[in-house]
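Residue numbers (numbering that gives the first Met the number 0), protein chains in the order written: chain A, 0 to 360; chain B, 0 to 375.
Hints are computed from structural coordinates only; laboratory data are not their basis.
Be a bit skeptical, because a hint or two may be false.
In silico contact screen, one side only, chain A against chain B (beta carbon under 10 Å); selected entries [as the list claims (entries may be wrong)]: (1) V95; (2) S111; (3) Q247; (4) E267; (5) E298.
Where is the CB? At the ideal position from N, CA and C, for every residue including glycine.
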Amino acid sequence: MTRSDGLTFRQLMALTFVCLLSPAIRLLPRAAAGSVGAGAWLAPLIAAVPAAGLTALLRALMKNRREGESLARILLRALGRGPGKAVCLLLGLWLVFYTGIILRTGAERLLSTVYVGGSPGFFMAVTALAALAVSFGRVRSLGRMGEVSALALGIVLALVLALSAPDIRPENLLPAPGPASGFLAAALPVLSVTAKGFLFPLLPGGVMRERRELAVSLRWTGLLLLVMLGITAATVGALSADVAAGLQHPFFIMIRNISVFGVIERIEAVVITLWVVTDFLFVAVLLRIFDELFAAVAERESPWPLHPILAGCSVACGLLAARDAFTLERLSQAVVPAVNLLLALILSTVALIVGKLRRTV
Amino acid sequence: MRRLLIPVLLALALTGCASDFGVYANVSEVERLRLVRTLGVDADESGVLLSADTGSGGGGRAVIWRIRAGTLAEAARRLEKNAMKYDANISHTEHVILGEAAARAGIGETLDYVARTMQMRLDTCLFVARGSRAEDLVTGARGEDASVSDMLQSLKKDAPVIYGCGVATCLEAAEALASEGCVLLRAIAPEPSPEWSEEGYTAVAPAGGAVISGDRLLGFTPEEESEAVGLLTGSVSSGCRALDYGGVPVTLLLTGADVRLKPVTEGGQPAFAVDARLRYSLQGAAAPLSVGDGAVRAGLAAAAAEEVRGELTAAIRRAQGFGCDYLGIRRALCAASPGRMAPYREAWRSLFPKMAFTVAVSAVILRTYDLGDPIA
Chain A
0 MTRSDGLTFR QLMALTFVCL LSPAIRLLPR AAAGSVGAGA WLAPLIAAVP AAGLTALLRA
60 LMKNRREGES LARILLRALG RGPGKAVCLL LGLWLVFYTG IILRTGAERL LSTVYVGGSP
120 GFFMAVTALA ALAVSFGRVR SLGRMGEVSA LALGIVLALV LALSAPDIRP ENLLPAPGPA
180 SGFLAAALPV LSVTAKGFLF PLLPGGVMRE RRELAVSLRW TGLLLLVMLG ITAATVGALS
240 ADVAAGLQHP FFIMIRNISV FGVIERIEAV VITLWVVTDF LFVAVLLRIF DELFAAVAER
300 ESPWPLHPIL AGCSVACGLL AARDAFTLER LSQAVVPAVN LLLALILSTV ALIVGKLRRT
360 V
Chain B
0 MRRLLIPVLL ALALTGCASD FGVYANVSEV ERLRLVRTLG VDADESGVLL SADTGSGGGG
60 RAVIWRIRAG TLAEAARRLE KNAMKYDANI SHTEHVILGE AAARAGIGET LDYVARTMQM
120 RLDTCLFVAR GSRAEDLVTG ARGEDASVSD MLQSLKKDAP VIYGCGVATC LEAAEALASE
180 GCVLLRAIAP EPSPEWSEEG YTAVAPAGGA VISGDRLLGF TPEEESEAVG LLTGSVSSGC
240 RALDYGGVPV TLLLTGADVR LKPVTEGGQP AFAVDARLRY SLQGAAAPLS VGDGAVRAGL
300 AAAAAEEVRG ELTAAIRRAQ GFGCDYLGIR RALCAASPGR MAPYREAWRS LFPKMAFTVA
360 VSAVILRTYD LGDPIA
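Hey, can you work out the whole structure from these sequences and the hints?
Below you can see the structure in the form of structure tokens.
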């Protein structure tokens, strides 16, 4: 593989980290506060071991990959041509729907927090167009954007958490004794976020090999969990679990309340705008993945750019599947995370086992 | 070429600065812009009356609006869209005053509006106008160059030091209502301005606490009880106490307080004990007083402690009378002894009104500010 193809391992990790921040912020504080109350910040810690297990599972599947081979090709090799193509087709169809949901939730976030009275279709179309423009370029460019965005978002996030620290009250975070099932339920959204990491190796061009990939992956997983812990602790600590569980976007409402000595206020618009970057990058990644899945199923490159058509289908899917915020909430809070988690777990496990049995992985 | 075309198309659509072109233009001329600092909410049969004040910051004249509509959201929208001479902006609202009638009807609509709307913040302070309408305070409370917003800002800043207990924000109210089902908000009332230069003007004075249960106003606590409430809720940092010690009027300054609550058992029933340790400084005495004498100081401290013990007991009894733990006693007890309180978490609201309690107060006088016994 030439150095111009595919991603470096560091770029893969950075891109994954940036793109997973959006579902982390959307799902986690509210779901965890609703399940377990003040102990919501413990959810990422409880999910740490299973999240590490998922990471290790994916690394084991990709350990013996060939040069330039994406996860889609590995699945073909592991499962066989027929079943592998069926899986890639299923993944492709799911990703069309999932891309629509990402576009729809991003639009809804802007409508709920900034552009009151707007139309979701406009924001979905604009985000899809912007992602399309990027997706026509090299995969390596996506990776570089991931690295830059990871640094920028990391700085913004650190600043936000630091500014929110004075508003955190320890009594809001003292975990009350409760049933273990509540804590397990709070850990599920964390797991579903980290499980989405299985999508990114599907990008065409594969990932360059690096030494100690498992250790590096686990470090980035740990960083993501730490960020989720910080976000949850800041949100629940500032708002209390009861209030956070009742709000639609508790993290952004917490940011809305940040005031630096009464001089700097209302920074939420800047933060929300930066968060659009995560949605935009995620959609660009998914659009690029469509090409690779098509090539894996058809065993040839598509003669025309496929992802603009699928981008349009995604926008349509998102608008039709979630006509209002209530349907969207049911889909994005329960259905989509569960499907992503099951897909990641089942696909990785079955592919690894079958591949080892067939000695093709 | 196509890679350039898309960004160009996007740039054409996203011109936020032009009011006539661009999909989402949101422009206000700076000269017309006025930031609302105080909102007053009154309710009657015909709907909501929203009054708004900009304050007189920067030496300018305060601008006041009164808008009537069916709901608070509608009134606020009309305020921002139809303010006529100026463009009103509520994004920096610092205070919300609820008229007494509106508070009795329910504060839920106001809290929901503050949480739901993007313009407002949950750290907006919440007040209840005692015995008056919010509109009366917003339009009537003013001085030579001060409006209700300036007065409330001053009151908010001084509340923990001078008036005994702090001011609740919308977030604190929402938290308390969610966890305890009740909250104590700051009550305010109009009074003649105490400043000589402002004679004839009306000021805003603290008027005790407004007890909100569910989301409705139940009643008020007296202003004299504010320090006791502040001690129990941990929101007081200072305060003056006038004592009569053996016929000598004495002024003590509270400089610190440690108030601890712990669950106990009394006759096999759950109860709680309050232990307050207060630190005072002597600020003044109307007659010679030998404060150099340890016995005198101990006597002064004991007299102050006895007064405070009575006030704390009365404050807790009043909360029990309302059937509302707006003093946060459950929370304090859970923090002190979470395991012991675990069986009572769910049943607290029915237990609290009947619970026995003891109050123990000790005080010490630490200093007299460079003067021991009086000069004359």
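Tested hints:
For the restraint placing V95 (chain A) at the interface with chain B, the shortest Cβ-Cβ distance is roughly 20 Å, beyond the 10 Å limit, so the hint is violated. Hint status for S111 (chain A): holds, given a least beta-carbon distance of 8 Å to chain B, under 10 Å. Evaluation of the Q247 (chain A) hint against chain B yields a held restraint, the C-beta minimum of about 9 Å falling below 10 Å. Taken as an interface hint, E267 (chain A) checks out: its beta carbon lies about 8 Å from the nearest beta carbon of chain B, inside 10 Å.
Contact between E298 (chain A) and chain B, as hinted, is not supported at the beta carbon level, the nearest pair being about 27 Å apart and thus beyond 10 Å.
Checked against the numbered hints given earlier, the structure breaks hints 1 and 5 and satisfies all the rest.
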